[in-house]
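Protein chains: 2
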Amino acid sequence: MAETLRAVADGGTLDARMLDIGRRARAAARSLALAPPETKNAALRAAAAALRASAETILAANAADVADAIARGTAASFVDRLTLDPKRLEAIASALEDVAGLSDPVGRVLATWTRPNGLVFERVATPLGVIGVIFESRPNVTADAGALCLKSGNAAILRAGSESFRTSTEITEALRAGLRAAGLPDDALQLVPTRDRAAVGMMLSGLDGAVDVIVPRGGKGLVARVQAEARVPVFAHLEGIVHVYVDKAADLAMALTVVRNAKLRRTGICGAAETLLVDRACAATHLKPLVTMLLDAGCAVRGDDETCAVDARVTPATEEDWSTEYLDAIISVRVVAGVDEAIAHIERYGSHHTESILTEDAATAERFLNEVDSAIVLHNASTQFADGGEFGFGAEIGIATGRMHARGPVGVEQLTSFKYRVRGAGQTRP
Amino acid sequence: MAETLRAVADGGTLDARMLDIGRRARAAARSLALAPPETKNAALRAAAAALRASAETILAANAADVADAIARGTAASFVDRLTLDPKRLEAIASALEDVAGLSDPVGRVLATWTRPNGLVFERVATPLGVIGVIFESRPNVTADAGALCLKSGNAAILRAGSESFRTSTEITEALRAGLRAAGLPDDALQLVPTRDRAAVGMMLSGLDGAVDVIVPRGGKGLVARVQAEARVPVFAHLEGIVHVYVDKAADLAMALTVVRNAKLRRTGICGAAETLLVDRACAATHLKPLVTMLLDAGCAVRGDDETCAVDARVTPATEEDWSTEYLDAIISVRVVAGVDEAIAHIERYGSHHTESILTEDAATAERFLNEVDSAIVLHNASTQFADGGEFGFGAEIGIATGRMHARGPVGVEQLTSFKYRVRGAGQTRP
Numbered sequence: 116m117a118e119t120l121r122a123v124a125d126g127g128t129l130d131a132r133m134l135d136i137g138r139r140a141r142a143a144a145r146s147l148a149l150a151p152p153e154t155k156n157a158a159l160r161a162a163a164a165a166l167r168a169s170a171e172t173i174l175a176a177n178a179a180d181v182a183d184a185i186a187r188g189t190a191a192s193f194v195d196r197l198t199l200d201p202k203r204l205e206a207i208a209s210a211l212e213d214v215a216g217l218s219d220p221v222g223r224v225l226a227t228w229t230r231p232n233g234l235v236f237e238r239v240a241t242p243l244g245v246i247g248v249i250f251e252s253r254p255n256v257t258a259d260a261g262a263l264c265l266k267s268g269n270a271a272i273l274r275a276g277s278e279s280f281r282t283s284t285e286i287t288e289a290l291r292a293g294l295r296a297a298g299l300p301d302d303a304l305q306l307v308p309t310r311d312r313a314a315v316g317m318m319l320s321g322l323d324g325a326v327d328v329i330v331p332r333g334g335k336g337l338v339a340r341v342q343a344e345a346r347v348p349v350f351a352h353l354e355g356i357v358h359v360y361v362d363k364a365a366d367l368a369m370a371l372t373v374v375r376n377a378k379l380r381r382t383g384i385c386g387a388a389e390t391l392l393v394d395r396a397c398a399a400t401h402l403k404p405l406v407t408m409l410l411d412a413g414c415a416v417r418g419d420d421e422t423c424a425v426d427a428r429v430t431p432a433t434e435e436d437w438s439t440e441y442l443d444a445i446i447s448v449r450v451v452a453g454v455d456e457a458i459a460h461i462e463r464y465g466s467h468h469t470e471s472i473l474t475e476d477a478a479t480a481e482r483f484l485n486e487v488d489s490a491i492v493l494h495n496a497s498t499q500f501a502d503g504g505e506f507g508f509g510a511e512i513g514i515a516t517g518r519m520h521a522r523g524p525v526g527v528e529q530l531t532s533f534k535y536r537v538r539g540a541g542q543t544r545p
Numbered sequence: 116m117a118e119t120l121r122a123v124a125d126g127g128t129l130d131a132r133m134l135d136i137g138r139r140a141r142a143a144a145r146s147l148a149l150a151p152p153e154t155k156n157a158a159l160r161a162a163a164a165a166l167r168a169s170a171e172t173i174l175a176a177n178a179a180d181v182a183d184a185i186a187r188g189t190a191a192s193f194v195d196r197l198t199l200d201p202k203r204l205e206a207i208a209s210a211l212e213d214v215a216g217l218s219d220p221v222g223r224v225l226a227t228w229t230r231p232n233g234l235v236f237e238r239v240a241t242p243l244g245v246i247g248v249i250f251e252s253r254p255n256v257t258a259d260a261g262a263l264c265l266k267s268g269n270a271a272i273l274r275a276g277s278e279s280f281r282t283s284t285e286i287t288e289a290l291r292a293g294l295r296a297a298g299l300p301d302d303a304l305q306l307v308p309t310r311d312r313a314a315v316g317m318m319l320s321g322l323d324g325a326v327d328v329i330v331p332r333g334g335k336g337l338v339a340r341v342q343a344e345a346r347v348p349v350f351a352h353l354e355g356i357v358h359v360y361v362d363k364a365a366d367l368a369m370a371l372t373v374v375r376n377a378k379l380r381r382t383g384i385c386g387a388a389e390t391l392l393v394d395r396a397c398a399a400t401h402l403k404p405l406v407t408m409l410l411d412a413g414c415a416v417r418g419d420d421e422t423c424a425v426d427a428r429v430t431p432a433t434e435e436d437w438s439t440e441y442l443d444a445i446i447s448v449r450v451v452a453g454v455d456e457a458i459a460h461i462e463r464y465g466s467h468h469t470e471s472i473l474t475e476d477a478a479t480a481e482r483f484l485n486e487v488d489s490a491i492v493l494h495n496a497s498t499q500f501a502d503g504g505e506f507g508f509g510a511e512i513g514i515a516t517g518r519m520h521a522r523g524p525v526g527v528e529q530l531t532s533f534k535y536r537v538r539g540a541g542q543t544r545p
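Going down the list, the protein sequences come from chains Z and U. Last residue of the first sequence: number 545 in our numbering, and the count goes up by one each step with no gaps. Last residue of the second sequence: number 545 in our numbering, and the count goes up by one each step with no gaps.
Next up, chain Z with everything else stripped away, as it sits in the complex (with noise of 0.2 Å):
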């Protein structure tokens, strides 16, 4: 840390260093936007054939970071998402080349038409610019957000949570090598090559104009920072607080197996369920088994009063625990008066993130798919498949829930802005 600090101060004020970075991506940023598939993807294989050669100081950079974590006492759970070996390391590098495989974002002609007149009307993406990915502990999220950046034909400013600082340096390198072997400006990936808290309110202030959006990646509190301070859009959730609502016409085998995958799967990723909302019509036949088979799996219950009474383990939910997002073996548990009631309930509690309905009836189906006002809405499948990969994405950057530009999760597509191109022969406006 000494020596980033020194590096800092050679290149003058931590402000100047900062725009000074910011203006190396700008710079940077034309050459991605213009380079071809086949440059990108050859600096994504050479930045995985690099991380390869560099696994023993990536390694050793990743020890120093992980015993530093364990003297401070940092939770086991931290140190586990900290710590990379041979095989996770592989999987960083194998992602990269998976990345190189996806099609290429930039480019597509997403619409074409012509005018009377005979002028001809393409709308084409183009990349975005610069994006700056702010992280907390895990490494991995050095490899995966460049090179979503780069096959999205942006350049990236990455700031990297200060206990994986010394891992994620040296994958950064890995990448910029990759850039350099493709003839690609390595300043299109660049790390905040300091620990310096201050660095990241910089970014927020977008350096000058020199980022266009702000990926958060980490905890709420770091998101809730990024949302309330970013003076550049933000692509984020700030929380998951997912329901899925089993209607009277629920098949229950079918709501048995859902909403235990919903709720259970994995308890700390964005999609966990987080509240079961069952219709009061079906509640005699359904609510019971729901209950028992969450219970039985492990999971607490937290329930309105018709719920407390089906099963004596389920604690009473107050009000609070319908906006909580748990992100652990819990769930809370309402009845509601059908779908209009759940509908009022998703509004009024939830982060318009992801909802699911289970229901054999179609009518009411697509009234929950239209009327809830969520990045995703399910009808009969689990909630967990909240996911760029499961999209079909390919990868993700993350998952946004604000309605401007990207939503739902963010692939190499939502990293891609537009613009028209207008072909004539000489046409002049009347």
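Warning: the hint list may mix true and false statements.
Result set (SDA-like, lysine to any residue): computed pairs, CA atoms no more than 25 Å apart in a straight line [what the hints assert, rightly or not]:
{"id": "1", "chain 1": "U", "residue 1": "K403", "chain 2": "U", "residue 2": "H460"}
{"id": "2", "chain 1": "Z", "residue 1": "K363", "chain 2": "U", "residue 2": "A540"}
{"id": "3", "chain 1": "U", "residue 1": "K363", "chain 2": "Z", "residue 2": "T543"}
{"id": "4", "chain 1": "Z", "residue 1": "K335", "chain 2": "U", "residue 2": "G321"}
{"id": "5", "chain 1": "Z", "residue 1": "K403", "chain 2": "Z", "residue 2": "E435"}
{"id": "6", "chain 1": "Z", "residue 1": "K335", "chain 2": "U", "residue 2": "D323"}
{"id": "7", "chain 1": "U", "residue 1": "K335", "chain 2": "Z", "residue 2": "R346"}
{"id": "8", "chain 1": "U", "residue 1": "K403", "chain 2": "U", "residue 2": "D420"}
{"id": "9", "chain 1": "Z", "residue 1": "K403", "chain 2": "U", "residue 2": "A540"}
{"id": "10", "chain 1": "U", "residue 1": "K363", "chain 2": "Z", "residue 2": "R544"}
{"id": "11", "chain 1": "Z", "residue 1": "K363", "chain 2": "U", "residue 2": "G541"}
{"id": "12", "chain 1": "Z", "residue 1": "K403", "chain 2": "U", "residue 2": "R544"}
{"id": "13", "chain 1": "Z", "residue 1": "K403", "chain 2": "U", "residue 2": "G541"}
{"id": "14", "chain 1": "U", "residue 1": "K363", "chain 2": "Z", "residue 2": "L149"}
{"id": "15", "chain 1": "Z", "residue 1": "K363", "chain 2": "U", "residue 2": "R538"}
{"id": "16", "chain 1": "U", "residue 1": "K363", "chain 2": "Z", "residue 2": "V235"}
{"id": "17", "chain 1": "U", "residue 1": "K202", "chain 2": "Z", "residue 2": "P545"}
{"id": "18", "chain 1": "U", "residue 1": "K335", "chain 2": "Z", "residue 2": "G324"}
{"id": "19", "chain 1": "Z", "residue 1": "K363", "chain 2": "U", "residue 2": "K363"}
{"id": "20", "chain 1": "U", "residue 1": "K335", "chain 2": "U", "residue 2": "V315"}
{"id": "21", "chain 1": "Z", "residue 1": "K363", "chain 2": "U", "residue 2": "T543"}
{"id": "22", "chain 1": "U", "residue 1": "K403", "chain 2": "Z", "residue 2": "T543"}
{"id": "23", "chain 1": "U", "residue 1": "K363", "chain 2": "U", "residue 2": "Y464"}
{"id": "24", "chain 1": "Z", "residue 1": "K403", "chain 2": "U", "residue 2": "T543"}
{"id": "25", "chain 1": "U", "residue 1": "K403", "chain 2": "Z", "residue 2": "A540"}
{"id": "26", "chain 1": "U", "residue 1": "K335", "chain 2": "Z", "residue 2": "D323"}
{"id": "27", "chain 1": "Z", "residue 1": "K363", "chain 2": "U", "residue 2": "H460"}
{"id": "28", "chain 1": "U", "residue 1": "K335", "chain 2": "Z", "residue 2": "G321"}
{"id": "29", "chain 1": "Z", "residue 1": "K363", "chain 2": "U", "residue 2": "R544"}
{"id": "30", "chain 1": "Z", "residue 1": "K202", "chain 2": "U", "residue 2": "R544"}
{"id": "31", "chain 1": "U", "residue 1": "K335", "chain 2": "Z", "residue 2": "S320"}
{"id": "32", "chain 1": "Z", "residue 1": "K335", "chain 2": "U", "residue 2": "G324"}
{"id": "33", "chain 1": "U", "residue 1": "K202", "chain 2": "Z", "residue 2": "E435"}
{"id": "34", "chain 1": "U", "residue 1": "K403", "chain 2": "Z", "residue 2": "R544"}
{"id": "35", "chain 1": "Z", "residue 1": "K335", "chain 2": "U", "residue 2": "G298"}
{"id": "36", "chain 1": "Z", "residue 1": "K363", "chain 2": "Z", "residue 2": "W437"}
{"id": "37", "chain 1": "U", "residue 1": "K363", "chain 2": "Z", "residue 2": "R482"}
None of these hints come from the bench; they were simulated from the model.
Fit chain U to the known structure of chain Z by using the hints.
For chain U alone, coordinates are given in the frame of chain Z:
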């Protein structure tokens, strides 16, 4: 004005009143988002009828606005933009009916695909939410912007210039009557009920999350303030420093026609050309005819040394000219060494709005269309086509040069977001 301020006072502080407007807009946005196309179109047609029925009231309010403006010694061009007469009012009413005739942008299925596990994905257009529109003199913006927001299922908060306040108030009332007639909440269209400039700052703060995007309509001063202060996304362009590049392979007759139209058809619009770049390889044949044509048509020409040499009426351009949006019968002219130098000039001095290349060489045209990073790039056509109507969008709320969400002419489609609908048969994630 006194009445209005009393009304604001009656409703509490300006701050409280503005937050209340935001809450009402957010609540109304949900009804608008779910309104079927025929209901929204009925509201637009009823609004047109109400405008016609209220013609006397509206023209009286406008006469009072105009009298005030003249008494303040306002410039004649400003007074002209402010003034309504029966013909202009009819044009406003009939524009509402035109918007009703556009196809509905909400609910469009933007993409659909099926995954190997049988899940069927749909990306479907949804409204953005609440749009804040801040505009200056032209009272027709009240109706035009309100209509586009309504058509796209969004609620709108309008802030009129103080000079058109009475006129905008009456036009807003007619549109609100249209909403009520169709059974929609009139809170979906609200005019900020005060001339107090502090209200603009509050809108730019987002009204506690109630405003999703701001669209400024007016001069550079307004747009610059909005871009600098807004804490929510902005759809806008600060200026249109628009270029026409005449390549060595340009047809001279076409160049004379297109350059004349691009510069002089209307000089005050953002798509008017401001700089002409001429390839040195054709300067001997093309430069003098182009410059003479412009001068003879009454356009002042500010040129580099080579341009000054062709006609004594050309005055020398300064460095500042290359980044000046004249919005007048003035053009800057520079000789460049081919398409590379033309692109470099545009990237350095341009505003990413609209640029055109004139050439018969298809490969050179493609390079220009690909490499110029502007919202609109044209080949062999006038830059004055930079207009939503000319694009076939029916109408536009403005032109955006940012890369987020909307770019180029912002029509009803660009006023939508999207969500994912996923239909399954009980799928769970492995």
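Looking back at the hints listed earlier, which ones does the structure fail to meet?
19, 27, 33, 35 and 37
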